[in-house]
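Given the coordinates of chain G, assemble chain B onto it according to the supplied hints.
These protein sequence lines are chains G and B, in that order. The first sequence: position 104 = 104 (my numbering), numbered continuously. The second sequence: position 206 = 365 (my numbering), numbered continuously.
Simulated from the structure, these hints should not be mistaken for laboratory data. Note that the structure is a prediction, hence the values are computed from the model and not measured. Any given hint might turn out to be false.
With a straight-line cut-off of 25 Å between C-alpha atoms, the simulated DSS-like cross-links for lysine-lysine are [claimed, not checked]:
{"#": "1", "chain 1": "G", "residue 1": "Lys140", "chain 2": "G", "residue 2": "Lys108"}
{"#": "2", "chain 1": "G", "residue 1": "Lys141", "chain 2": "B", "residue 2": "Lys451"}
{"#": "3", "chain 1": "B", "residue 1": "Lys359", "chain 2": "B", "residue 2": "Lys417"}
{"#": "4", "chain 1": "B", "residue 1": "Lys504", "chain 2": "B", "residue 2": "Lys473"}
{"#": "5", "chain 1": "G", "residue 1": "Lys141", "chain 2": "B", "residue 2": "Lys455"}
{"#": "6", "chain 1": "B", "residue 1": "Lys185", "chain 2": "B", "residue 2": "Lys537"}
{"#": "7", "chain 1": "B", "residue 1": "Lys537", "chain 2": "B", "residue 2": "Lys455"}
{"#": "8", "chain 1": "B", "residue 1": "Lys455", "chain 2": "G", "residue 2": "Lys140"}
{"#": "9", "chain 1": "G", "residue 1": "Lys140", "chain 2": "B", "residue 2": "Lys451"}
{"#": "10", "chain 1": "B", "residue 1": "Lys417", "chain 2": "B", "residue 2": "Lys330"}
{"#": "11", "chain 1": "G", "residue 1": "Lys108", "chain 2": "G", "residue 2": "Lys141"}
{"#": "12", "chain 1": "G", "residue 1": "Lys32", "chain 2": "B", "residue 2": "Lys473"}
{"#": "13", "chain 1": "B", "residue 1": "Lys454", "chain 2": "G", "residue 2": "Lys140"}
{"#": "14", "chain 1": "B", "residue 1": "Lys454", "chain 2": "G", "residue 2": "Lys141"}
{"#": "15", "chain 1": "B", "residue 1": "Lys359", "chain 2": "B", "residue 2": "Lys330"}
{"#": "16", "chain 1": "B", "residue 1": "Lys352", "chain 2": "B", "residue 2": "Lys330"}
{"#": "17", "chain 1": "B", "residue 1": "Lys473", "chain 2": "B", "residue 2": "Lys550"}
{"#": "18", "chain 1": "G", "residue 1": "Lys137", "chain 2": "G", "residue 2": "Lys108"}
If you anchor each label on the Cβ, the simulated ranges turn out as follows [unchecked claim]:
{"#": "19", "chain 1": "B", "residue 1": "Arg247", "chain 2": "G", "residue 2": "Arg25", "range": "27 to 33 Å"}
{"#": "20", "chain 1": "G", "residue 1": "Lys137", "chain 2": "B", "residue 2": "Glu221", "range": "23 to 29 Å"}
{"#": "21", "chain 1": "G", "residue 1": "Glu125", "chain 2": "B", "residue 2": "Val207", "range": "48 to 54 Å"}
{"#": "22", "chain 1": "B", "residue 1": "Glu503", "chain 2": "G", "residue 2": "Lys54", "range": "40 to 46 Å"}
{"#": "23", "chain 1": "B", "residue 1": "Val207", "chain 2": "G", "residue 2": "Lys137", "range": "22 to 28 Å"}
Beta carbons are placed, not taken as given, at the ideal position from N, Cα and C, and that holds for glycine.
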Amino acid sequence: MRELLELLEHDARRPVSELASMLQRSEYEVEKEIRELEKNKIILSYNTLINWEKFGDDTVTAIIEVNLLPQREVGFDSIAERIYRFDEVRTVYLMSGSFDLLVIIEGKSLNDVANFVATRLATIEGVTGTRSHFMLKPYKKDGVIINDEERDRRLVVSP
Amino acid sequence: MIEQHSDWEQRLSPGVNAVAPSGIRKFFDIAAQMEDVISLGVGEPDFVTPWSIRESCMYGLEQGYTSYTANRGMPELREEIVLHYARRFGNTYEAATDVLVTVGVSEALDIALRALLSPGDEVLIPEPCYVSYQACTILAGGVPVTVPARLDNEFRITPEELEEHVTEKTKVLLIGYPNNPTGAIMTREDLLKIAAFAEKHDLIIISDEIYGDLTYGDEEHVCFSSLPNMQERTVLLNGFSKAYAMTGWRIGYALGNKAIIAAMTKIHQYTMLCAPITAQVAAIEALRHGEKYMKKMVAEYDRRRRLIYDGLTKMGLSCFEPKGAFYIFPDITSSGYSSNDFAEKLLQAEHVALVPGSAFGACGEGHVRCSYATSIDKISEALNRIENFLKNHRR
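Okay, chain G solo, but in the shape it has when bound:
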């Protein structure tokens, strides 16, 4: 099961026939296991890592440190939910250290993101402060090097 997950995490588009060969199982069994993993929300979704900049889109990504006032009974969870429900918000983590939530936002322009932070995020009750950092250049994302120029330098045939 772990091996199937590792294979899918690396490449979700692998045909089931290949997965079955690699796992030495039948295609039927692999299909069934995948459905089970989806049903149990162990597999949450299948995403594609896209270099949008190369495609020609100029999106703006901001990483925002958010400080919160925790609430009785629910702690940070209910404020976090008020934040992560926004479509603009890509990622939210509760953090240890000098701030509480790390929020990653994507927008079409600097203005777009600044506006969202000022009017929607900072004004939520319980949010006591925000610090925004704009991302300038991605080098590596989710384990993938963005412009990887290492290539196979081996001889075509060797003993």
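Just chain B now, kept in the frame of chain G:
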């Protein structure tokens, strides 16, 4: 220049002339001309050396590690090697006397044979095997005596088969498991029988265990010198090329008894002086912190192994399921071609490069060696092309 002699080939050393040229050169020349060739003919990992190993080498350069080292290799590296074998197999080697760091296992093999052989001494070599076993034996003045391993015994060698070829002149038994090209391994039981055979005939064993970290399934690699009473009569060869994807660094080592290692060191100090210090620094990092990267690569080879085994079997090529290294050795006799013709026609027709089994000894005829040290996408595409070839070219 005016040629004064036309007999240059006759003037070369007879030892060199006795060595046959490599059987894979021709394929290399054809494949190198092709644009879209998929190569299953590569005898090295497709991974680049793990970054932490490369990074530690760069740091070493910054710190000025650019000098010669002790002939035997850096003491820290020899300590790490000895510690590794003590932990993993329970060996009791001494770092000061029982280890020699070499320029790849290739050098270690060469100088081991040169240190041991007198003219006419016979070396038992199970085949199919790595291409240099025969050549290095001849160059060292010895006589290679081949012992064919059988597919129906999963390419393992038995004492009965060795017994048929042993003579008064037999001095060394040279084995390489996990095996290039077959992917065969020897179990502890198999090796114990070989150990008894070696004791009976008082042979020295050279055990090339360069693929020792690459085994799959339930059978763990057994180090020959860790068997009872075998450490003293074994010259154990290993290196970093395959397990740590470090082929180009050229770094290996030999472990053995004091006398043999001292003799090998004597040759090494006059011919090589020492292994490159940059590679030695990197090798220390590999042994100290590289295991997790190595394990990840092994897991990946294992998936590819199952994929290629399944694919070849489904298209009707019978093959033994490899248990180690990163090669599979299907039987292609059903195609009607010799292994050489099969490899050449496949390359011409479908642009897939592999190596004919005959390059690894006469008993490799009827097989081809496919390396699965390449990406899953390429393996899948190569399997499609091979299947296509079999449909259109069966004789």
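Query raised in the report: Taking each numbered hint in turn, which are not upheld by the structure, reported in ascending numerical order?
Result: Result: no hint breaks.
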